[in-house]
Structures are given as structure tokens and as C-alpha cells.
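Participant: Top to bottom, those sequences are chains A and B. By the working numbering, the letter at position 84 of the first sequence is numbered 84, and the numbering carries on one by one without gaps. By the working numbering, the letter at position 50 of the second sequence is numbered 50, and the numbering carries on one by one without gaps.
The reader is advised that the hints may include incorrect statements.
[What the hints assert, rightly or not] Restraint ranges, calculated between C-beta atoms of paired labels, are given here:
{"#": "1", "chain 1": "B", "residue 1": "R111", "chain 2": "A", "residue 2": "G95", "range": "40 to 48 Å"}
{"#": "2", "chain 1": "B", "residue 1": "L39", "chain 2": "A", "residue 2": "A45", "range": "19 to 27 Å"}
{"#": "3", "chain 1": "B", "residue 1": "F69", "chain 2": "A", "residue 2": "S10", "range": "39 to 47 Å"}
{"#": "4", "chain 1": "B", "residue 1": "E75", "chain 2": "A", "residue 2": "F39", "range": "21 to 29 Å"}
{"#": "5", "chain 1": "B", "residue 1": "N51", "chain 2": "A", "residue 2": "P112", "range": "27 to 35 Å"}
{"#": "6", "chain 1": "A", "residue 1": "D31", "chain 2": "B", "residue 2": "T15", "range": "35 to 43 Å"}
{"#": "7", "chain 1": "B", "residue 1": "E75", "chain 2": "A", "residue 2": "S69", "range": "39 to 47 Å"}
Hint data in this document are derived by calculation from the structure and do not stem from the laboratory. For each residue, glycine too, the CB sits at the ideal point set by N, CA and C.
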Amino acid sequence: QQQVKQSPQSLIVQKGGIPIINCAYENTAFDYFPWYQQFPGKGPALLIAIRPDVSEKKEGRFTISFNKSAKQFSLHIMDSQPGDSATYFCAAAGGGADGLTFGKGTHLIIQP
Amino acid sequence: DSGVTQTPKHLITATGQRVTLRCSPRSGDLSVYWYQQSLDQGLQFLIQYYNGEERAKGNILERFSAQQFPDLHSELNLSSLELGDSALYFCASSVTPLTNQDTQYFGPGTRLTVL
Chain A
1 QQQVKQSPQS LIVQKGGIPI INCAYENTAF DYFPWYQQFP GKGPALLIAI RPDVSEKKEG
61 RFTISFNKSA KQFSLHIMDS QPGDSATYFC AAAGGGADGL TFGKGTHLII QP
Chain B
1 DSGVTQTPKH LITATGQRVT LRCSPRSGDL SVYWYQQSLD QGLQFLIQYY NGEERAKGNI
61 LERFSAQQFP DLHSELNLSS LELGDSALYF CASSVTPLTN QDTQYFGPGT RLTVL
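Whole structure, please, built from the sequences with the hints as guidance.
Facilitator: Take a look at the structure:
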């Protein structure tokens with residue numbers, strides 16, 4: 001069964017700290033790995049995405065690190081702010097026309 | 001605002017009933033996806049349509065069905081509702097049907113409560 005495992009479930013970080021959220025996948029046919037950010041009462045919104053041909057991608061304060069051999073990828077948020085408090089989902093797709101396979105989500109709180 | 005609209009925002013109904021959720025994709029997007037978000041199962045892909053045709057099926061129950069109309073809006077029909085169907089239902093859209101090539105933009109969701 002296609003799965004994406006995400007950890008931790010919840011995370012509390014002080015403002016300015018670097019929260020790290022980790023995901024692992026099983027299906028080697030996956031070749032697209034997006035991260036989505038969801039605020040309460042809203043739909044998920046794409047934050048940043050990576051493909052297996054690169055090991056790292058940065059967009060602003062958000063960085064994805066990708067380890068193809070370990071089948072793991074992670075999200076780092078630099079200089080975190082209280083406005084980054086949200087639920088973050090990793091996801092994966094590839095190998096067919098199916099929808100995104102999501103991790104269970106990480107509830108992130110950035111304390112002032 | 002993603003440009004994807006969903007109606008209604010909230011829906012409260014009773015077990016055994018049937019409901020219809022509606023989604024209008026972003027202008028220019030031909031592909032529509034439906035997802036279910038619940039506390040225990042997380043975000044799960046249900047079904048995808050592309051330009052009016054069913055493209056892919058995920059964990060969609062037989063009691064659920066969907067369609068995409070010529071104007072590209074989509075409807076998700078849920079019948080014989082059970083308490084466990086209470087969840088947030090999201091619609092997402094993209095230009096192409098290729099999940100691994102194209103960004104999916106999510107609507108604000110419909111919260112379904114089955115009493």
C-alpha cells in the first residue's frame with residue numbers, strides 16, 4: 001500500500017528557531033514531493049515541492065532536504081515566526097494518475 | 001484565495017441521507033480532484049476527473065460518486081450517509097491530469113456533519 005509517514009505529529013518551537021518535519025515513503029515510483037500548509041478553516045496550500053533529482057530546494061525561509069537512497073525528505077523553516085503556526089503536510093505522487101498521497105500532518109506552533 | 005470554490009461551506013444531515021457537494025475549479029483548470037480529511041484517516045484522495053472523464057480512483061466508497069460537467073464544475077454525491085462520513089471534503093484543481101507534474105490548488109472545503 002502506498003504510504004507516506006510523517007513525524008512528529010505536533011511540534012512547538014520558539015520564534016526564530018528551526019522546526020524540522022520529517023517524512024518517509026515506500027513507493028519508489030514516487031517522483032514528486034510537495035509540502036502543503038494548512039491554516040484552520042482553510043484548504044491546504046502548496047508551500048514548496050521537490051523532485052528526486054535534487055537533494056535540496058530553498059524557497060524563502062522554507063527548505064526541503066531530500067535523501068533518495070533513504071526514501072526520506074524533510075521540511076526546515078528558517079527564522080520561524082508565529083505566523084508560520086499551521087498544520088504541515090508532506091505528500092508524494094508519481095507512477096500513475098492517482099491523486100496525492102499525504103502524510104498525517106504536523107501541527108506546528110511557533111511561540112512568540 | 002486559490003480560485004477554487006466549494007459549496008456549501010457547512011452541511012448537517014442525518015444518517016441514511018444523500019448530499020451533493022459542489023466544486024468549481026480555477027479558471028483554465030481541466031482536472032478536478034476530491035479529497036476527504038478526517039481526524040483518524042488524514043487527507044485521503046477519493047477521485048479525479050479530467051475534462052469530464054474519470055481519470056483515477058482512490059479510497060472512494062461505493063456509496064460515493066462524482067461527475068464533472070461540460071462547464072468543468074464537479075459534484076461529489078454521498079449517499080446512505082453514516083456517522084463516519086463526517087469529515088471535511090476538499091476539491092482541488094490543476095491544469096493537467098498529471099499529479100506529479102502539476103500543482104493542485106485546493107478549495108476551502110465543505111464540512112459535512114452526519115448526525
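Participant: None of the hints should be skipped; say for each whether it holds.
Facilitator: A quick look at each hint next to the structure:
{"no.": "1", "hint": "B/R111 x A/G95: 40 to 48 Å", "in the structure": "violated (32 Å)"}
{"no.": "2", "hint": "B/L39 x A/A45: 19 to 27 Å", "in the structure": "holds (20 Å)"}
{"no.": "3", "hint": "B/F69 x A/S10: 39 to 47 Å", "in the structure": "holds (41 Å)"}
{"no.": "4", "hint": "B/E75 x A/F39: 21 to 29 Å", "in the structure": "holds (26 Å)"}
{"no.": "5", "hint": "B/N51 x A/P112: 27 to 35 Å", "in the structure": "violated (48 Å)"}
{"no.": "6", "hint": "A/D31 x B/T15: 35 to 43 Å", "in the structure": "holds (42 Å)"}
{"no.": "7", "hint": "B/E75 x A/S69: 39 to 47 Å", "in the structure": "holds (44 Å)"}
Violation of the numbered hints given earlier is confined to hints 1, 5; the remaining hints are satisfied by the structure.
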